[in-house]
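S.K.: The listed protein sequences derive, respectively, from chains A and B.
When you line the first sequence up against the working numbering, it's residues 86 to 588, in that order.
When you line the second sequence up against the working numbering, it's residues 86 to 588, in that order.
Everything labelled a hint here was simulated from the structure, so no lab data went into it.
A hint or two may mislead.
Treat identical chains as interchangeable: a pair holds within one or across any two.
Lysine-lysine pairs mimicking DSS-like chemistry, simulated, CA-CA at most 30 angstroms apart [said to hold, decoys possible]:
| hint | residue 1 | residue 2 |
| --- | --- | --- |
| 1 | K153 | K261 |
| 2 | K469 | K397 |
| 3 | K460 | K489 |
| 4 | K196 | K125 |
| 5 | K458 | K432 |
| 6 | K492 | K432 |
| 7 | K469 | K489 |
| 8 | K180 | K492 |
| 9 | K397 | K486 |
| 10 | K432 | K460 |
| 11 | K486 | K177 |
| 12 | K489 | K397 |
| 13 | K492 | K125 |
Residues per chain are reported as follows:
There are 2 protein chains.
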Amino acid sequence: MRIISMLALLLTFSLQAQDINRLTDQHIEENGVQIIQDFKALLSIPNVAFDLPNINKNAEYMVAELEKRGVQSKLLRMVGTPPIVYGYYPVKGAKRTIAFYVHYDGQPVDKTNWTNDPWEPTYYNKAIFEGGEPMDFPTSFDQISEDHRIYARSAGDDKAPIVTILSALDMIQANKLKVTSNLVFFFEGQEEAGSRQLQQYLNDNRELVDEIDLWLFCDGPIHQSRRPQLVFGVRGVTGMEITTYGPNRPLHSGHYGNWAPVPGQLLSNLIASMKDEDGNVIIDGFYDDVEPLSDLEQQALANIPLIDESLKAELGINDPEGTESYNERLLLPSLTIKGLSSGNTGKLARNVVPATATAAIGMRLVKGCDPEKQKDLVEAHIRKQGFHIVREDPDQETRMKYPKIAKVTRSDGYPAARTSMDLPIIQEVIASTKVVAGEDLILLPTLGGSLPLYLFTDELQKPAIIVPIANHDNNQHAEDENMRIGNLWYGIKLMGALMTMEK
Amino acid sequence: MRIISMLALLLTFSLQAQDINRLTDQHIEENGVQIIQDFKALLSIPNVAFDLPNINKNAEYMVAELEKRGVQSKLLRMVGTPPIVYGYYPVKGAKRTIAFYVHYDGQPVDKTNWTNDPWEPTYYNKAIFEGGEPMDFPTSFDQISEDHRIYARSAGDDKAPIVTILSALDMIQANKLKVTSNLVFFFEGQEEAGSRQLQQYLNDNRELVDEIDLWLFCDGPIHQSRRPQLVFGVRGVTGMEITTYGPNRPLHSGHYGNWAPVPGQLLSNLIASMKDEDGNVIIDGFYDDVEPLSDLEQQALANIPLIDESLKAELGINDPEGTESYNERLLLPSLTIKGLSSGNTGKLARNVVPATATAAIGMRLVKGCDPEKQKDLVEAHIRKQGFHIVREDPDQETRMKYPKIAKVTRSDGYPAARTSMDLPIIQEVIASTKVVAGEDLILLPTLGGSLPLYLFTDELQKPAIIVPIANHDNNQHAEDENMRIGNLWYGIKLMGALMTMEK
Numbered sequence: 086m087r088i089i090s091m092l093a094l095l096l097t098f099s100l101q102a103q104d105i106n107r108l109t110d111q112h113i114e115e116n117g118v119q120i121i122q123d124f125k126a127l128l129s130i131p132n133v134a135f136d137l138p139n140i141n142k143n144a145e146y147m148v149a150e151l152e153k154r155g156v157q158s159k160l161l162r163m164v165g166t167p168p169i170v171y172g173y174y175p176v177k178g179a180k181r182t183i184a185f186y187v188h189y190d191g192q193p194v195d196k197t198n199w200t201n202d203p204w205e206p207t208y209y210n211k212a213i214f215e216g217g218e219p220m221d222f223p224t225s226f227d228q229i230s231e232d233h234r235i236y237a238r239s240a241g242d243d244k245a246p247i248v249t250i251l252s253a254l255d256m257i258q259a260n261k262l263k264v265t266s267n268l269v270f271f272f273e274g275q276e277e278a279g280s281r282q283l284q285q286y287l288n289d290n291r292e293l294v295d296e297i298d299l300w301l302f303c304d305g306p307i308h309q310s311r312r313p314q315l316v317f318g319v320r321g322v323t324g325m326e327i328t329t330y331g332p333n334r335p336l337h338s339g340h341y342g343n344w345a346p347v348p349g350q351l352l353s354n355l356i357a358s359m360k361d362e363d364g365n366v367i368i369d370g371f372y373d374d375v376e377p378l379s380d381l382e383q384q385a386l387a388n389i390p391l392i393d394e395s396l397k398a399e400l401g402i403n404d405p406e407g408t409e410s411y412n413e414r415l416l417l418p419s420l421t422i423k424g425l426s427s428g429n430t431g432k433l434a435r436n437v438v439p440a441t442a443t444a445a446i447g448m449r450l451v452k453g454c455d456p457e458k459q460k461d462l463v464e465a466h467i468r469k470q471g472f473h474i475v476r477e478d479p480d481q482e483t484r485m486k487y488p489k490i491a492k493v494t495r496s497d498g499y500p501a502a503r504t505s506m507d508l509p510i511i512q513e514v515i516a517s518t519k520v521v522a523g524e525d526l527i528l529l530p531t532l533g534g535s536l537p538l539y540l541f542t543d544e545l546q547k548p549a550i551i552v553p554i555a556n557h558d559n560n561q562h563a564e565d566e567n568m569r570i571g572n573l574w575y576g577i578k579l580m581g582a583l584m585t586m587e588k
Numbered sequence: 086m087r088i089i090s091m092l093a094l095l096l097t098f099s100l101q102a103q104d105i106n107r108l109t110d111q112h113i114e115e116n117g118v119q120i121i122q123d124f125k126a127l128l129s130i131p132n133v134a135f136d137l138p139n140i141n142k143n144a145e146y147m148v149a150e151l152e153k154r155g156v157q158s159k160l161l162r163m164v165g166t167p168p169i170v171y172g173y174y175p176v177k178g179a180k181r182t183i184a185f186y187v188h189y190d191g192q193p194v195d196k197t198n199w200t201n202d203p204w205e206p207t208y209y210n211k212a213i214f215e216g217g218e219p220m221d222f223p224t225s226f227d228q229i230s231e232d233h234r235i236y237a238r239s240a241g242d243d244k245a246p247i248v249t250i251l252s253a254l255d256m257i258q259a260n261k262l263k264v265t266s267n268l269v270f271f272f273e274g275q276e277e278a279g280s281r282q283l284q285q286y287l288n289d290n291r292e293l294v295d296e297i298d299l300w301l302f303c304d305g306p307i308h309q310s311r312r313p314q315l316v317f318g319v320r321g322v323t324g325m326e327i328t329t330y331g332p333n334r335p336l337h338s339g340h341y342g343n344w345a346p347v348p349g350q351l352l353s354n355l356i357a358s359m360k361d362e363d364g365n366v367i368i369d370g371f372y373d374d375v376e377p378l379s380d381l382e383q384q385a386l387a388n389i390p391l392i393d394e395s396l397k398a399e400l401g402i403n404d405p406e407g408t409e410s411y412n413e414r415l416l417l418p419s420l421t422i423k424g425l426s427s428g429n430t431g432k433l434a435r436n437v438v439p440a441t442a443t444a445a446i447g448m449r450l451v452k453g454c455d456p457e458k459q460k461d462l463v464e465a466h467i468r469k470q471g472f473h474i475v476r477e478d479p480d481q482e483t484r485m486k487y488p489k490i491a492k493v494t495r496s497d498g499y500p501a502a503r504t505s506m507d508l509p510i511i512q513e514v515i516a517s518t519k520v521v522a523g524e525d526l527i528l529l530p531t532l533g534g535s536l537p538l539y540l541f542t543d544e545l546q547k548p549a550i551i552v553p554i555a556n557h558d559n560n561q562h563a564e565d566e567n568m569r570i571g572n573l574w575y576g577i578k579l580m581g582a583l584m585t586m587e588k
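Let the sequences and hints guide you as you build the complete structure.
M.R.: Put into C-alpha cells, the structure is as follows:
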C-alpha cells in the first residue's frame, strides 16, 4: 500500500520534475545575472539584529520585493525588536498552506578578520580557502560558474533563501505554473540574537499562523558530504553550572594541602561519576525518555553517509565518545563539560587550595526529553554523590552542616523537535525535493545543534522541517561567510518544486 | 639512661633559667625603649630583594651593628644579588659552632592596602584588627605593654630576630655571661624572592659554613594556639601541569556534543582516579617512602594542641581531607588541584566542546620522598589510566595514534627536610628553649609549608631547625604586617638562652 502510493507520487513528480528542472535552468540562464545583482543588493544592507535602523531597511526591502510579485505583505512589529516580514500568497482552490521561514538577520562581525567588508558583497571565482580570487560581478550568464561564490555576511546564513524564493516566484509566474498551496512567507529578524520574541510574535499573530499546515525552515547548510539534505529535527538545549566548595578563602597549599578539602578534586570526582569510560552518561534515567525512530527513519539513518573517519582526521580525534556512529550519537542527549575553572593554571598558578571550582555543563536534548526533567536527573545524581545542593553561595551555617556542597545554577532551555518522516505531507516534500536533488537526497532525522523548532512542532502542533540550500563550507557565523552559486541555483529549483508540489 | 641524662640537663638549665629570664627582663626594662627605637630604624630601610640599593643599606646597617658588638662581619657578595651578611663571634674554648639564619628582605608591598606606609614603622596600642589605635613610640619603659605592636613590612617576617640577636648580645656582654658556642650570623637578603642563589652562596663559602654544627632558622610565627614552638622540618614542594585533549579546535557543542571527546571530562576522570572519597591519594606507591617518626617525635606530635575544630570553624569546613588530625596530615605528602581551566565558565561560557583542559597540581613532600620519584609515580598512574604522555602539544600523527593523550609539564622542586629530635644537640636546644618558653613549648615535627632547608640538612648534612618568635597573627606576606612587643621580648630571651646553652 505504502509502496504503491509512493510510486504514484514519483510518477506525478517525474512529470513535474522535467518541468521544474528544465524551466528553472532556462529561467536562470535568462535571469542569472540579475538574480546575483538582486542578491548583492540584499546583502549590502547591514543586518545585525541590534542595528534596528538597518534591520528595518532589510525588512522594507523584502516587503517591496514580495509585493512586486503579488504577495500580500506586511511587517509584524513589536516595539524595540526587529519586525517579522509576513507575506501571504493565496491560491485559489488550495486546500493547505505552507510557510517558508527564513531569518534575515546575521551574526555580528569582527571586520578585522574579514578579507573584504562583510556588507560590501564580493564575487570570487572560487572559495578563498581554495585559492579563489575576486572578480567583477558577472554581466552575462556565460561568465558564471557554479563554483563561483559571493562573500558577504548572511550570504549563506540566511539571506540566500530569500533570493531563491523571490526567483522561484518569478519563474513560476513567468511560466504560469500552478502553485498548489497557499504560501506564507515568514522572515524573522532576530534569529542570531536568540529569537527572544519569536514565541510572543507567534502568540500575538495566531490568526495568521494557525492556518499553516507545514513549516519549511529555509536555513543552514547541506550535508558535509556535499549531498543535499532535508532535516527533520533539532536537538534541544539546556545546561547548568556546578560550583563545589573548599575552604571559605584560598589557603596556602603548604600549610593546608592534604587537609583542606580541594574543590577541584570534589568537582572532578563528581564529573567523573557522570560518564563511563566510553563517554556514555551513567546518570540514572538520562536516556530513558529518548523517543525511538520509526522504521522509515531508521532506514533513512542507515542511508546517511558515514563521515566519522573524515571528521576524525579533520579534528585530530582517535577515539570519539561512545561506540555508535556520529549520526547515531546525535540522536542521544548529550552532557558536555563546556568549561572548568578553579584557581589558576599556567603562569598564574599559585600555591593555593582554591575556595571554589566551577564547571559549565552543556546539555543537548533529543525528542522525548524534557529540559527540566533532564536537569532534575542530573541534580538527583549530584545528591546521590553526597552533595547538598544550594542555589546561592553557602553561608557559614550551611558550610558547617554539610560535608559536600554543590551550587547548581540551572540554565533555561527548550526541548528538541522532530517531525515524523511518516506523515503524508512530509512524504510529499521528500518526493518533491528528490525531483531537484536526486535520489541521493539525505534524510537527516536531527541536527546536532539547536533551534526553537518546538515552538512550531509542540506549541503550534504543526510539522516543521529544515530545508537547507547553502554549501556546507559557507563559513556561517564566522568571517568570510559565502554562498556558492551552484547552491543558489539549487535553492531556486527547490523552492519552485516545493511551491508547486502536487497533493 | 635517657631519662637520667634529660634530668641532668634540666638541672643544669634550671640554674641558667633564672639567670636568663631575670637578666633579660632587667635588660629590657633598662633598654626596651632603645630596643624599640633600634627596631624602628631597621624597619625604616625598604627591603624588597630586587631593590638592591636599599637592600645594601640594610646589609651595611647590620654589619655596623654586629661589629659594634665585636662580631667579625662581612658581606658575602655575588654580582647583582642581595649580599649575605656574615658574622662570626668566636668563643675561646667553644667546641662547637651554631649559626643563626635570618632573612632581612621582605615581601613586595601594595601600599594601597596598607593602613600606614610599610616603611614608616607605626606603633599601636594593640592589633589593628582588635581595634588598636596608633600612639607615639614609647619614651619610657612604663609606657610599654606586651600587647603593643609595631606595624611595618618585615616587622614579623623577618627583621625581628635581628634585633633580638643584637639585644641578646648586649645583654650577655653587659652581664658577662658565658657564650658556650662559636656563633655564626647568616642573614640572607633574598628569601622572599626564592633564595635562588642560596645554594651557590653556600657552595662558594664552604670554608665558612662547614664548621657550623647546627643551623637555627629564626623565621616564621609561633603556633596558632599562641604557644611558643620549635619546628624540626618543612615539607618539600614540587608539582606538574596536566593538559588533556579533545578536538584540535573548539567545536560547536550541538553539532559535536556526544561524539567529540571532551577534554574536561577526560581530565576529571583522571583527577578523580588519583584520590579516594576520603581524600587519600591512591596512586601506587605515593606514601611508600614516607619516613616514620621516632618514638620521641610521636610523643611530641601527641602533645601538639589540636586546632582542627577551630580551623574548621574559621575556614567554613565540615569535612577535611583524610581521617587523621591536621597535625598528622602535614606529615604526609599532598596532591592538590591548585587550578583547573577549560573553555569558560560563567558569563563567558560558550556552547563548545573545548580543545583542551588543564590542571595545575601542587605536591608537597615529606621526609623520605624524592621530588622526581614522586612525579614519576604520578606519571605512571596517568599511563595506567590509558593516557599517552607527551611533553609538547601533540601533532596530528600523535593525535591519530593514541585514544587519550596527556601533556605533563613537570615543575622543579626540592625535598622535605626534617631534623631528628633525638639528636643530643637538639635535645639541648629543646631544654634551653623551655627555660624561656616554659613546659608547654610545642615541638612541631614539620611545617606544612616549604623552605629549602634541605640545602642544610641534606647537602651540608647538618641539623637545622626553625626557631620562631613572631606572633601567629603577624600578617606576614600581607598588608599591615606587625610584631607584638611581648614576642620581641620572648625573642631576646630565647636568643640569649640559645647563645649560652650548656653542653
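S.K.: Taking the hints in turn, state whether each one holds.
M.R.: Hint by hint, here is what the structure shows:
no., hint, in the structure
1, K153 with K261, "within (16 angstroms within a copy, 115 angstroms between copies)"
2, K469 with K397, "between (35 angstroms within a copy, 25 angstroms between copies)"
3, K460 with K489, "both (19 angstroms within a copy, 29 angstroms between copies)"
4, K196 with K125, "within (18 angstroms within a copy, 60 angstroms between copies)"
5, K458 with K432, "between (41 angstroms within a copy, 24 angstroms between copies)"
6, K492 with K432, "both (28 angstroms within a copy, 16 angstroms between copies)"
7, K469 with K489, "both (11 angstroms within a copy, 29 angstroms between copies)"
8, K180 with K492, "neither (54 angstroms within a copy, 64 angstroms between copies)"
9, K397 with K486, "between (48 angstroms within a copy, 11 angstroms between copies)"
10, K432 with K460, "between (36 angstroms within a copy, 20 angstroms between copies)"
11, K486 with K177, "neither (73 angstroms within a copy, 64 angstroms between copies)"
12, K489 with K397, "between (39 angstroms within a copy, 14 angstroms between copies)"
13, K492 with K125, "neither (51 angstroms within a copy, 49 angstroms between copies)"
The earlier numbered hints that this structure contradicts are 8, 11 and 13.
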